[in-house]
Amino acid sequence: EAQVTQNPRYLITVTGKKLTVTCSQNMNHEYMSWYRQDPGLGLRQIYYSMNVEVTDKGDVPEGYKVSRKEKRNFPLILESPSPNQTSLYFCASRLSSFNQPQHFGDGTRLSIL
Amino acid sequence: GQQVMQIPQYQHVQEGEDFTTYCNSSTTLSNIQWYKQRPGGHPVFLIQLVKSGEVKKQKRLTFQFGEAKKNSSLHITATQTTDVGTYFCAGAGKLIFGQGTTLQVKP
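Protein sequences, first through last, are from chains H and G. Numbered per the numbering used here, the first sequence finishes at 196, counting up by one with no gaps. Numbered per the numbering used here, the second sequence finishes at 485, counting up by one with no gaps.
Simulated from the structure, these hints should not be mistaken for lab results. Be careful, since some hints might not be right.
[Claimed, not checked] Interface residues of chain H toward chain G, partial, derived using beta-carbon atoms under 8 Å:
{"id": "1", "residue": "Leu124"}
{"id": "2", "residue": "Tyr147"}
{"id": "3", "residue": "Phe181"}
[Stated by the list, open to error] For lysine to aspartate or glutamate, the following DMTMM-like pairs were computed, each having C-alpha atoms within a straight-line distance of at most 20 Å:
{"id": "4", "chain 1": "H", "residue 1": "Lys100", "chain 2": "H", "residue 2": "Glu113"}
{"id": "5", "chain 1": "H", "residue 1": "Lys101", "chain 2": "H", "residue 2": "Glu84"}
{"id": "6", "chain 1": "G", "residue 1": "Lys472", "chain 2": "H", "residue 2": "Asp142"}
{"id": "7", "chain 1": "G", "residue 1": "Lys472", "chain 2": "H", "residue 2": "Glu84"}
{"id": "8", "chain 1": "G", "residue 1": "Lys472", "chain 2": "H", "residue 2": "Glu136"}
{"id": "9", "chain 1": "G", "residue 1": "Lys472", "chain 2": "H", "residue 2": "Glu145"}
{"id": "10", "chain 1": "H", "residue 1": "Lys154", "chain 2": "H", "residue 2": "Glu84"}
{"id": "11", "chain 1": "G", "residue 1": "Lys414", "chain 2": "H", "residue 2": "Glu145"}
{"id": "12", "chain 1": "G", "residue 1": "Lys448", "chain 2": "G", "residue 2": "Asp461"}
Backbone N, C-alpha and C define an ideal beta-carbon position, used for all residues, glycine too.
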């Protein structure tokens with residue numbers, strides 16, 4: 084089954100404790116991205132990747148890192164999480180960077196105390 | 379930078395009433411996509427519009443792309459409880475999302 088898989092689905096952690104949210108897709112998609120969703124603000128892009136070893140900042144990249152060493156994986160790293168990063172995070176992928184439907188993972192709800 | 383605005387932010391309707399959400403961009407869009415997110419779920423792709431003035435239908439849903447390719451709308455005829463959720467528009471290659479319109483349908 085074609086899908087985008089995120090882990091964990093839920094995480095409660097404390098300020099400053101490094102964490103990684105994994106994202107994997109099995110559709111051989113070139114383009115992957117991370118979004119955060121906050122009430123009233125919609126989906127805001129954090130980082131995106133157009134292919135392996137090619138990543139770029141989205142609209143809200145501060146406090147986040149990403150890597151794209153393999154085509155299928157695009158982990159999101161919070162080196163020193165802070166409470167303002169408490170949010171619902173979605174990983175998404177699409178075939179290429181142009182005019183393609185985007186497939187989303189089920190989301191990761193992150194709470195940072 | 380490019381901005382995509384959606385109105386209204388929330389809409390409550392009685393089942394059977396019609397519903398419309400509007401999407402406006404600060405710049406001309408090469409295409410626009412619409413997504414639906416059910417409560418507790420993730421956004422799911424509905425449709426893409428590419429041509430100026432394009433109109434597409436999916437059963438009770440009608441999607442329009444403006445002549446100037448700077449605005450779009452989604453109209454639902456005779457809403458049902460299954461239509462509940464948040465509808466997002468997203469524009470251009472990087473897919474800049476609007477804030478979404480959350481639809482509540484009262485049975």
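Quick rundown of the hints versus the structure:
1. Using the Cβ-Cβ criterion of 8 Å, the hint placing Leu124(H) at the interface with chain G is satisfied: the shortest such distance is roughly 6 Å.
2. Given the 8 Å rule on beta carbons, the hint for Tyr147(H) is violated: about 17 Å separates it from the nearest Cβ of chain G.
3. Look at Phe181(H): its Cβ gets to within about 6 Å of chain G, closer than 8 Å, so that hint holds up.
4. This hinted pair does not check out: Lys100(H) and Glu113(H) have alpha carbons roughly 31 Å apart, beyond 20 Å.
5. At most 20 Å may separate the alpha-carbon atoms for a hinted pair to count; Lys101(H) and Glu84(H) exceed this at roughly 32 Å.
6. As the CA atoms of Lys472(G) and Asp142(H) are separated by approximately 10 Å, the hinted pair is consistent with the 20 Å bound.
7. The straight-line distance between the Cα atoms of Lys472(G) and Glu84(H) is roughly 26 Å, outside the 20 Å bound, and the hint therefore fails.
8. The hinted pair formed by Lys472(G) and Glu136(H) meets the criterion: a straight-line CA distance of about 18 Å does not exceed 20 Å.
9. Taken as a hint, the Lys472(G) and Glu145(H) pair is honoured in the structure, with Cα atoms around 18 Å apart against an allowance of 20 Å.
10. As the CA atoms of Lys154(H) and Glu84(H) are separated by approximately 18 Å, the hinted pair is consistent with the 20 Å bound.
11. With a CA separation close to 28 Å, the supplied pair Lys414(G) and Glu145(H) exceeds the 20 Å bound.
12. Between the alpha carbons of Lys448(G) and Asp461(G) the distance comes to roughly 26 Å, so the proposed pair goes past 20 Å and is violated.
When held up to the earlier numbered hints, the structure conflicts with 2, 4, 5, 7, 11, 12 and fits the remainder.
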